[in-house]
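On the provided structure of chain X, position chain Z as indicated by the hints.
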Amino acid sequence: MTVAAPPKTKHNLKLIYQKPESLTDSPTHYCPGCTHGVAHRLVAEVLDEMGLREKAIGIAPVGCAVLAYEYFNIDGVEAAHGRAPAMATGIKRVLPDRVVFTYQGDGDLASIGMAEILHAAGRGERITVIFINNAIYGMTGGQMAPTTLPEQVTTSSPRGRDVATQGFPIRMSEILAQMDGAAYVVRRSLHDPNNIRKAKKAIRLAFEAQVRGLGFAMVELLSTCPTNWGMTPIEAMNWVRDHMVPAFPLGDYKVAPELQKLRV
Amino acid sequence: MPRELMKGNVAMAEAAIRAGLEAYFGYPITPQSELLEHMAKRMPEEGRAFLQAESEVAAINMVYGAACTGARVMTSTSGPGISLMAEGISYIAGTEVPAVIVDVMRGGPGLGNIAPSQGDYRQVIHGAGHGDFFPIVLAPASVQEAVDLIGEAFDIAEKYRTVVFVVADGSIGQMMEPVELPEPRPLRRERPDWAVSGAAGRPHRTLTSLYLKPEVEERINLRILKRWQEAEANEVRYREYYLDDAEFVVLGFGTAGRVALSAVRAAREEGIRVGLFRPVSLRPFPYQAIRDLAQRAKAFLVVEMNGGQMLEDVQAAAQGQVPMRFYGRMGGMVPFPDEVLEEIRTLAADPPTPTENPRARWLAHMMPA
Chain X
1 MTVAAPPKTK HNLKLIYQKP ESLTDSPTHY CPGCTHGVAH RLVAEVLDEM
51 GLREKAIGIA PVGCAVLAYE YFNIDGVEAA HGRAPAMATG IKRVLPDRVV
101 FTYQGDGDLA SIGMAEILHA AGRGERITVI FINNAIYGMT GGQMAPTTLP
151 EQVTTSSPRG RDVATQGFPI RMSEILAQMD GAAYVVRRSL HDPNNIRKAK
201 KAIRLAFEAQ VRGLGFAMVE LLSTCPTNWG MTPIEAMNWV RDHMVPAFPL
251 GDYKVAPELQ KLRV
Chain Z
1 MPRELMKGNV AMAEAAIRAG LEAYFGYPIT PQSELLEHMA KRMPEEGRAF
51 LQAESEVAAI NMVYGAACTG ARVMTSTSGP GISLMAEGIS YIAGTEVPAV
101 IVDVMRGGPG LGNIAPSQGD YRQVIHGAGH GDFFPIVLAP ASVQEAVDLI
151 GEAFDIAEKY RTVVFVVADG SIGQMMEPVE LPEPRPLRRE RPDWAVSGAA
201 GRPHRTLTSL YLKPEVEERI NLRILKRWQE AEANEVRYRE YYLDDAEFVV
251 LGFGTAGRVA LSAVRAAREE GIRVGLFRPV SLRPFPYQAI RDLAQRAKAF
301 LVVEMNGGQM LEDVQAAAQG QVPMRFYGRM GGMVPFPDEV LEEIRTLAAD
351 PPTPTENPRA RWLAHMMPA
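Just so you know, the sequences run in chain order X and Z.
First residue of the first sequence? That's 1 in the working numbering, and the numbers climb one at a time after it.
First residue of the second sequence? That's 1 in the working numbering, and the numbers climb one at a time after it.
So here's chain X without its partners, still in its complex pose (with noise of 0.2 angstroms):
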């Protein structure tokens, strides 16, 4: 029996990994350490195995996330603070086959955008909705966000974050599963390879929910931001485990039913 031979690269090495054909050649701005290049290519690789790199349309947030739209190489937009859902919903209805998403940060989505994103899943807008959860305001320096743990020190919460006074953590997954207009509502974590791999079937799932027209998707991500975490990148991974996960539990919020049974 012969077989094939595997292809060659011409140092005659074989080819098992590479960039996925939606992510530009572009070097990125992000810190050592952030999981905002690892949310890049998991949905990059969907994008990819979905067959969907020419249909689709992304919306940068304002945000660590700001030139998102020169590391993926699809079209894409620029939104003002918190209103990527509605940029992505004026897209949408006028584009309708095409697949949109937005990726967001927590202050862009969680605090500034909270009428657009809570409206957009009410309506169960067709879109795809990267939410990238680091529990600070990465791009303006390391300020308190709404998704800031309880005593955690930021920049505008020197002393930590007191809930007398700075209010509580706001859960956004918990609360946009209770729209109707979701289809497919999910918390993963990018601190372990484990995590990752489950982040980026939700990401499948999330982009399936939309080709299927079934309604508004998220995956919320929960993130690292060791340069405003005062943390060695390790530490940042084990502080997203020690203390993100438990205040932020990660499972699935909402799943329509058709989605339940699709196996990707």
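I should point out that these hints are in silico values taken from the structure, not numbers from a laboratory.
Don't take every hint at face value.
To be verified - Mimicking DSS-like on lysine-lysine, the simulated pairs with C-alpha atoms at most 30 angstroms apart in a straight line are:
#	chain 1	residue 1	chain 2	residue 2
1	Z	K159	X	K55
2	Z	K7	Z	K41
3	X	K19	Z	K213
Unchecked claim - Facing chain X, from chain Z, some residues (calculated, C-beta under 8 angstroms):
#	residue
4	E22
5	A23
6	V196
Said to hold, decoys possible - Covered by chain X, according to a simulated footprint, are these stretches of chain Z (three or more residues, beta-carbon under 8 angstroms):
#	region
7	69 to 75
8	87 to 94
Cβ coordinates follow ideal geometry from the N, Cα and C atoms, glycine included.
Okay, now just chain Z, sitting in the frame of chain X:
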């Protein structure tokens, strides 16, 4: 097309649909809500996008998104809504995508009231958002003119890749007048080469208002300004009435201009050589035409439904070459022709001195110490 009796807001909505509008996003606010309601009924009938947004903030950002696909898109609101839309308007201008906004102006500031006003002049004309850009602003004085300007607004927005406002005071939105609607135009099939649509068979495209390098942002600002300069050269519009032999010139836009026209006609019957200059494009403002009038008129009378917002632009245009008076009603009050006629009579009998302060004199008259 036969003439029909239509409410201004409904006529403007139908005119936009006939101009090939592909998507409408808006939020209810008096006195423009009939425009949104007509869109709610008609856009789905035409298989086009209609959505009542959760706020004016969301509505303008939906407009922004749809505009990035190259679709013909509009929203409508009133002053408090323009305040909320300022953010999105600036992003649309900075991204250089076309959009049309109808502002049916009401009394203000604050919650004000729902009566007709021209109080948004300064807000809309001088930017309506942060940063360096000029929107193009058109002001109708009748339902028919509103219909005609809406039709043109989309072409102008696309030509200059900018925001075009149609500012109608509440009375234009609310009153019914006979109007001839244009024939429906077919929807455009082709998309502009800058629009996002999915990167199929071409390099990926990005639409943004973010330029981190100041030298690049400066170039974009200069490009926007250059395009504005073209608009200034091509898009100045105004109407002149009885100006050929006029010694005195009344200047007013929208409903104030229309009320002033009745007063001018009455004054003519009394033998006063007075005419009316009515700016239709408030941006670009007809500076040169007003400058020319200033050189041959004995005096100007500026009439507005605000505290003299356009007055400042008329003063800038006249460059001190003609003495000026001002008459305004505010807060939702509409001037009667008789009030303007009385001002014209006084203007002719006792013309202003070159150093007279038009606003101070008017204010002292309206609210004596």
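Hints versus structure:
With a C-alpha separation of about 27 angstroms, the suggested pair Z/K159 and X/K55 falls inside the 30 angstroms cut-off, and the hint holds. Restraint check for Z/K7 and Z/K41: satisfied, since their Cα atoms lie roughly 15 angstroms apart, inside the 30 angstroms limit. Distance hint between X/K19 and Z/K213 is fulfilled; the C-alpha atoms sit about 28 angstroms from each other, no more than 30 angstroms. With 8 angstroms as the threshold, the beta carbon of Z/E22 comes within range of chain X, its nearest partner Cβ sitting at about 6 angstroms, so the hint holds.
A hinted interface residue such as Z/A23 counts as satisfied when its beta carbon comes closer than 8 angstroms to some beta carbon of chain X; here the least separation is about 5 angstroms, so the hint holds. The restraint placing Z/V196 at the interface with chain X holds, with a minimum CB-CB distance near 4 angstroms, inside the 8 angstroms limit. Given as covered by chain X, the region 69 to 75 of chain Z passes the check, having 3 residues with a CB less than 8 angstroms from a CB of that chain where 3 are the minimum. Counting residues of the region 87 to 94 of chain Z whose CB lies closer than 8 angstroms to any CB of chain X gives 3, which reaches the minimum of 3, so the coverage claim holds.
Hint compliance for this structure: every hint is met.
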